[in-house]
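Chemist: Here the structure of chain X is known, so what remains is to put chain A in place on it, guided by the hints.
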Amino acid sequence: MSTPLLALSGLTKAYPGVVANKDVSFEIAPGEIHALLGENGAGKSTLVKTIYGLVKPDSGTMTLNGAPFTPAEPRAARAAGVAMVFQHFSLFDALNVAENIALGMENPPPQREIAERVRAVSDQYGLPLDPARIVGELSAGERQRVEIIRCLLQDPKLLIMDEPTSVLTPQEVEILFKTLRKLSAEGTAILYISHKLEEIRALCENATVLRLGQVVGTCDPRTTTARDMAELMVGSALLVPERAPHTDGETILSLNNVSAKAPTRFGTALRDIQLTVHMGEVLGIGGVAGNGQDELVAVLAGETRVARDMITFDGQNIGHFGPNARRKIGLLTAPEERMGHAAAPDMSLTENAVLTATTRQQLTSKGFVNWRKARKFAEEVIAQFDVRTPGPQNAARSLSGGNLQKFVIGREIMQSPDVLVVNQPTWGVDASAAAAIRQALLDLAAKGTAIICISQDLDELMEISDRFAALNEGRLSAPRPAQGLTVEEIGLMLGGAHDMEVAHVEA
Amino acid sequence: MDWSAINPILLLASLMVAATPIILASVGELIVERAGVLNLGVEGMMITGAVCGFIVAVNSGSPWLGFIGAAVGGAILSLLFGFLTQFLLSNQVATGLALTLFGLGLSALMGQSYVGIKAPEFADWHIPLLGDIPVLGPILFQHDPMVYVGLGLVAAVWAFLKFSRAGLILRAVGENHEAAHALGYHVVRVRMLAIMFGGACAGLGGAYLSLVRVPQWTEGMTAGAGWIALAIVVFASWKPLRLLLGAYLFGGVTVLQLNLQAAGMAIPVEYLSMSPYLATIAVLVIMRAGRAPGSLGQSFHASR
Numbered sequence: 001m002s003t004p005l006l007a008l009s010g011l012t013k014a015y016p017g018v019v020a021n022k023d024v025s026f027e028i029a030p031g032e033i034h035a036l037l038g039e040n041g042a043g044k045s046t047l048v049k050t051i052y053g054l055v056k057p058d059s060g061t062m063t064l065n066g067a068p069f070t071p072a073e074p075r076a077a078r079a080a081g082v083a084m085v086f087q088h089f090s091l092f093d094a095l096n097v098a099e100n101i102a103l104g105m106e107n108p109p110p111q112r113e114i115a116e117r118v119r120a121v122s123d124q125y126g127l128p129l130d131p132a133r134i135v136g137e138l139s140a141g142e143r144q145r146v147e148i149i150r151c152l153l154q155d156p157k158l159l160i161m162d163e164p165t166s167v168l169t170p171q172e173v174e175i176l177f178k179t180l181r182k183l184s185a186e187g188t189a190i191l192y193i194s195h196k197l198e199e200i201r202a203l204c205e206n207a208t209v210l211r212l213g214q215v216v217g218t219c220d221p222r223t224t225t226a227r228d229m230a231e232l233m234v235g236s237a238l239l240v241p242e243r244a245p246h247t248d249g250e251t252i253l254s255l256n257n258v259s260a261k262a263p264t265r266f267g268t269a270l271r272d273i274q275l276t277v278h279m280g281e282v283l284g285i286g287g288v289a290g291n292g293q294d295e296l297v298a299v300l301a302g303e304t305r306v307a308r309d310m311i312t313f314d315g316q317n318i319g320h321f322g323p324n325a326r327r328k329i330g331l332l333t334a335p336e337e338r339m340g341h342a343a344a345p346d347m348s349l350t351e352n353a354v355l356t357a358t359t360r361q362q363l364t365s366k367g368f369v370n371w372r373k374a375r376k377f378a379e380e381v382i383a384q385f386d387v388r389t390p391g392p393q394n395a396a397r398s399l400s401g402g403n404l405q406k407f408v409i410g411r412e413i414m415q416s417p418d419v420l421v422v423n424q425p426t427w428g429v430d431a432s433a434a435a436a437i438r439q440a441l442l443d444l445a446a447k448g449t450a451i452i453c454i455s456q457d458l459d460e461l462m463e464i465s466d467r468f469a470a471l472n473e474g475r476l477s478a479p480r481p482a483q484g485l486t487v488e489e490i491g492l493m494l495g496g497a498h499d500m501e502v503a504h505v506e507a
Numbered sequence: 508m509d510w511s512a513i514n515p516i517l518l519l520a521s522l523m524v525a526a527t528p529i530i531l532a533s534v535g536e537l538i539v540e541r542a543g544v545l546n547l548g549v550e551g552m553m554i555t556g557a558v559c560g561f562i563v564a565v566n567s568g569s570p571w572l573g574f575i576g577a578a579v580g581g582a583i584l585s586l587l588f589g590f591l592t593q594f595l596l597s598n599q600v601a602t603g604l605a606l607t608l609f610g611l612g613l614s615a616l617m618g619q620s621y622v623g624i625k626a627p628e629f630a631d632w633h634i635p636l637l638g639d640i641p642v643l644g645p646i647l648f649q650h651d652p653m654v655y656v657g658l659g660l661v662a663a664v665w666a667f668l669k670f671s672r673a674g675l676i677l678r679a680v681g682e683n684h685e686a687a688h689a690l691g692y693h694v695v696r697v698r699m700l701a702i703m704f705g706g707a708c709a710g711l712g713g714a715y716l717s718l719v720r721v722p723q724w725t726e727g728m729t730a731g732a733g734w735i736a737l738a739i740v741v742f743a744s745w746k747p748l749r750l751l752l753g754a755y756l757f758g759g760v761t762v763l764q765l766n767l768q769a770a771g772m773a774i775p776v777e778y779l780s781m782s783p784y785l786a787t788i789a790v791l792v793i794m795r796a797g798r799a800p801g802s803l804g805q806s807f808h809a810s811r
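Taken in order, these protein sequences are the chains called X and A. Heads up, the first sequence is in my numbering, so the first residue is 1 and it goes up one at a time. Heads up, the second sequence is in my numbering, so the first residue is 508 and it goes up one at a time.
Bound conformation, chain A alone:
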């Protein structure tokens, strides 16, 4: 095989791009789960966001509007989940799985006349000065703006959970909803807001695939990214900074194995394709998993 075909700077740079959809989707799910709700519909919300974002971007010609459309689309789909689980008290696992199937079907329907079209260009953002630093510049500071939005979101979520009063209330609701209710906090309201945030983030993650990474619409294009996002939340012990690590690891191995395939490594392609999943799960399992939020996945009803 030909090692010279792999350019380490390009590899690291594309790692950041590969990790971004996972970061966006999982940071949203992290907030949902810290509020005590298990939404397994990330994959469905992601692909709905992907198609919504693509449609808006193609029709308006603006990728930015596309991302906003994707966030709105994901949030609307998550509202369906929220209504079913928070008001009708349906089972969260079953509802989440149904949401994934529904989202896959809905997006295929919506995207029928958009197959084969190219998305409007979303230019990379060459940050002045920082982008000119040799080696570090191309790796860190010459990406499209959504890469930095994703990073900013992780930092914001981290600070929100750690320092803000609202973050404390959100954690309290996820930890013990009975007690939070007894203290007078609105469990269902907090959870609905968290679910919508999760839906919007998943939508952004999906749109990143259809507008930046591919950038085209094809049916089922998320290809399990939503499930990886879910797994990363759990293995990251519901902590934002560990989540970043998990997403970069996954993105890194994904890019590396693609490069190895291109370089013609003498290993069956299937093994290379599965390596990002194996590596992510192995590393995150080895890092001791923390405690789940106490009320995760339980329905809450204020009775008596």
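Next comes chain X alone, as it looks inside the complex:
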């Protein structure tokens, strides 16, 4: 191998109380697609932020094309040919596409010229985009195109991609990969971060695995199984959720032509949603973010009320019920956003337990909170779901994402619901905690609870669902048995490639 494009050696970065990166070294060759693997908190984000100049390492060196590379800020990194697509898009909703792109460039040309170059690049790589549109109105896939084109306009030598496919349909992922392979063939190196091991196996040539801030191994993903890579990341054998076979019970919940207007300007309207859920089944609902998931959860939870007969629970019309009335009859919900929606960040776990469990667990009497009982309930959730925290008096904010997720899901499961709605139950949760949460959901279903699991993680849905339906622009497809569904069929159910096209390969 000739001179590597980027070489890291001995990078160390410590934050108060935690070492984010410890003696990290690896190399990336020009045109190489290199995967960076690791659990949440393994130090991947800190590492790429170091390369992008957002974080200064405590010790260690980087070289770019053989020359020392110490970017003091992202501008310096961009000037040296390093571009980055962020996990949470670094876009500005109220600005248009061309303005967003100009903000990510050094010495941007006038807006009109940017518009022309956007058209040229989007044509070349098959990423159609109108430079004059306001970013807040774009779909997640289109937003990602904005980020990618912003990077491509700077002719990067190294493109860093942090979890780029979490919001894309399988078809969109395929197109993204074609684009990335084309870039790689042109000599651009790509540092690719993802949880999705099958994608890494399909795309990457080399992988570096981080655990607790240290490099614990490297592998060639094309010849390593996903399971082996996962175990390298976790550092122990991975438990795959098991499910008991079951027969469908009676219908417990049905949605009858539910329609609801979009709650906000950038929201999605629900259209004619038809659905029946049986006791003891897991119904998976997939879809790309922003196709009505949040709105559907709000309708099921009672945050958005609909006409009385649009929702039937156990023979009773409950469309007009509010959240507490629904909790009382056994319809519970765990929303997606942990901080601020599922839990109040600055309140203790005990207080958070009271907030949703008071109706079913009788944690209050005559308007007064029974704190002893509430604390006991919170402690049970903590013990049962292996929530790592010093105790129920700790604020929800102090828990890591995965631990808080275990708590908010556990809190609902412990109330033994008849129907449990979960949205993105393992979003941002590492592999072992995710497996524990899925197992808990399956165990609950085995006891006869109907579970509606809304998720963008198709692997997860295929793993736990009995039936699968897809949300696309506020409409729900007819549920189909999950067993035997192919990726292509799922992709079509999700609405296909959202007018993306395959890269034009230049003659």
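Just so you know, these hints were derived from the structure itself, not from any lab. A couple of the hints might just be wrong.
Looking from chain X toward chain A, a few residues come up when the C-beta cut is under 8 Å (computed) [what the hints assert, rightly or not]:
{"id": "1", "residue": "Glu73"}
{"id": "2", "residue": "Phe86"}
{"id": "3", "residue": "Leu103"}
For each residue, glycine too, the CB sits at the ideal point set by N, CA and C.
Modeler: Relative to the frame of chain X, chain A by itself:
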């Protein structure tokens, strides 16, 4: 009542004068809010500017130096707000309210020995040729220079936000400070500059009251003009040209009701006095309010 007491040309001409302090203060606050900072201390910065400008003008004998002193005074007071909110991450609403109270008290203290003095004359600027046009001349082109400074400032802010790179960065910081930081822009630096600009503009607005409109120093003389400036920014959907409209509407109704009072209209004076506020709010509410900058009022700290 006596309608002939109202001279429409004089009315329109004084409308421009009445609107100027509001225009100056609100165009500054508009920049502050577009950068994502909510500074409720406009009233305090205005009155501090009023007293600073008055003191400098009286001692130097030059109204121009007075205006410069007012801008500096307002900016220094806003630095206090900036330091508290941007570096110590204090709550912007509470800090802004405190700044108003502080500014009112500080200005009363500073102005104690200046009560009852007259400010040096600030001559109207009779623009040659344009000022001689009948009707339009007296309405538009025979004012003191600060009226045109205010208008020029609105145009400059509009062009800055729409066309300049720095304006784009300022909007980006106000829209999503996390993303702006991730792209390598200095959120706190941009915001401090915006806050100081806002303070300087509020100071100019206050000095316009104490040096031109009244022109005397009295305690609490801004009488809520800062709050109207704040309201106009919001109702103008954070757009400079709409802001101009709102300020002229407010100035127009203020002048009109004064004229009606003088003409002896048979309505209790209190109703007339409240009419500018009611009219401004009613019209600006009817014009659909736009979207606030995404990060407005949130503290930013670059962690991790």
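Chemist: The hint names Glu73(X) as touching chain A; please verify it with the least Cβ-Cβ distance against 8 Å.
Modeler: holds (5 Å)
Chemist: Per the CB criterion, is Phe86(X) less than 8 Å away from chain A?
Modeler: Cβ of Phe86(X) sits 6 Å from chain A, so the hint holds.
Chemist: Should the hint that Leu103(X) touches chain A count as held when the rule is a Cβ pair under 8 Å?
Modeler: The hint holds - Leu103(X) has a Cβ within 8 Å of chain A, the shortest such distance being about 5 Å.
Checked against the numbered hints above, the structure violates none of them.
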